[in-house]
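Participant: The chain contents come next:
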Amino acid sequence: MITEVSLFRTFLVVLQCDLVIGFRQRGDMLNPVVFFLMVVTMMPLGITPQANTLAGLAPGLLWVVALLACLLSLNSLFRADFEDGSLEQLILRPQSLYFVVIAKVIAHWLTIGLPLTLVAPLLGILLSLPAEGVVPLWLSLLLGTMTLSLIGGIGAALTVSLSKGGLLLSLIIMPLYVPVLIFGASSVRFAVEGLPYLGTLAVLGTFCALALILAPLATVGALKMSVQE
Amino acid sequence: MSIVPLLELQQLQCVRDERVLFTGIDYMINSGDIVQIEGPNGSGKTTLLRTLIQLFPHDEGQMLWQGHPVSHVRYDFLSDLLFIGHLPGVKKTLTSRENLNFLANLQGYYTAEQVDEALVQVGLYGYEEVIGYQLSAGQSRRIALARLYLTQARLWILDEPYTALDAQGIGKLEMLFIQHVEQGGAVIFTSHQPSNLSNVKRLSLLDYRPQASHYEMQEEGVDDY
Amino acid sequence: MGWQWFHRLGSPRWFYEKTSRWMFWLALVTVVLLIVGTVWGLAFAPMDSKQGNSYRIIFIHVPTAFLALAGYYVMAIAGAVGIIWQIKLSYMVMRSAATIGAVLTFIALLTGAVWGKPTWGTWWVWDARITSMLVLFFLYLGVIALQGAYQNGVTANKASAILALVGTVNIPIIYKSVDWWFTLHQPATLKFMGESSIDISMAYPLLVMISGFYCLYAWLMLHWTRAEIVESEQKTVWVRDLLKG
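Chains as they are written, first to last, in our numbering: chain A, 1447 to 1675; chain Z, 3 to 227; chain W, 122 to 366.
With the rest of the complex left out, here is chain A (with noise of 0.2 Å):
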């Protein structure tokens, strides 16, 4: 009499849903890499012009900027869900929510961490960074933002319901972004100094695997504490 709704189905459904509404809001998507491309301009500013100090300190300011520019767009991850009732609706399926909250982190990603992605080696001519450093920093990226949008959703997931979650997301979710920081700009300073770096991408993909495995399991959970409110 009723009819299973399978989980692939009901991830691509939601996947589908907010790729529509991630496109449809265009602007939203450029604000993150608006934000990459300033701090970016500001380093100069701040530092130093030459070419030599830069070209050392380009991997490490890559990173740190990517982190915060995703970091500043977490809070949207569920906030339209919430306030317009849905996420009520997709946490009374009878399916658990495991999938959804993957959907939601994959579109997220694809929305707001690879574009970071993308641009990021242009950034790099910026800030002198060696051609050396290029595809690493395109890797590491690749990698590291997807593990930060996972562990990011945990922290959106808690502060949902919070009118004015949005510097508490950042408080709560940085000192847990400490060891993707750490192997993302070591990848990317190793392949400089001409070392091997696929070692440290390793370790990062090892990353996202956990994050994908384990941090949804948080995210259900605080989603469903911040519906239950």
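Not one of these hints is a red herring.
If you want a taste of the chain Z side facing chain A, the calculated C-beta under 7 Å gives, among others:
1) Leu57
2) Tyr77
3) Leu80
4) Ser81
5) Phe85
6) Leu89
7) Pro90
8) Gly91
9) Thr95
10) Phe104
11) Asn107
12) Leu108
Everything labelled a hint here was simulated from the structure, so no lab data went into it.
Don't be surprised by glycine CBs; every beta carbon is placed ideally from N, CA and C.
Please build the complex by placing chains Z and W on the supplied structure of chain A, with the hints as guidance.
Facilitator: Chains Z and W alone, transformed into the frame defined by chain A:
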């Protein structure tokens, strides 16, 4: 048809912010019932609905779904439930058609024709392509109500379904209720307005108000060792 | 029936009345241990050949640093018990552990800085341990901030418990990452506080201080939790009777 009630409440009690909202609710909802929950503002109508759908914890009593505790048959219960709350779940950046398509497809498989037909039923013909921003609050709520035409769930739980409707819309919704319960379903809803339906069962929260010092007595009871 | 003791344990009133008897003795043991440890450590333990008298700050730094990390796990486990069995008392323990843990972490950081000044000539060094301790401090602050942000006490408790659990999974990864990061940037020339090289005459007072601090922690936890109980149960009859005296 078995004689086990669809949903049974036993001694249900809810506490919110250390205040007992209602206590000792014993109630049976059978298939074929339309139940209107009554009570003044602040008496906990919405809280009761949210308790029924497991989005608010009850601190005493239990709920049985077809004879089994809801927590044990969560999957079956939620599969057979359709809830429409204060918030319609309508996205501001999607069109009416996309919104209804999304909501309906979370619970089943529906074609574009079925979705459009449901929109016609709630009087949104010609609004299929209108984006959520441009819809009025009433129109958004009607998108949510259109889900009633696209569901196989037996238990409908609706919070103030009449608010956005005119007299004609209310009449149509009541017809739908009757149709639904004749097919073995059940409807639980809250409303300020008296209903025109003839066979509505009423559950008044005024009957389940706690005595003044009830909570303290409870605390004493728990801690008495 | 077997679960009765467990639920009794979850009753704030039972906890409050039971622990009343322990408070005095625990306080006594704590004071004795701390006095013995301090006098021994400051007056009788020999001077360090390289660091002179400034090393003596380890008698505070090391115990607080131990407890800062252990306290996070106390907080997370209490939060987990609260979520799983929905025990109010457990959340109270969690809240106490968050505040006390944050203070201990801060003391550990502060004493580390005070120690750093005579040792390295600077207040702050990006050493692996200190950096990890700083991140731990941030984790505590996050839990406390989240707890404070919610008006509704029940949601606040659940939210901070989830965050504390997430932190628990992350702490080993953060510590390992920071260690790795440190070896990368500074080859281990600045090996500071090698416990293995510590002289036995310094180790005994340190052990006394560590046990003293553990007792202090237990006493603080009980005291704080009891205060939380009185505050959150103030409407119940037994607390009113208690406050009347």
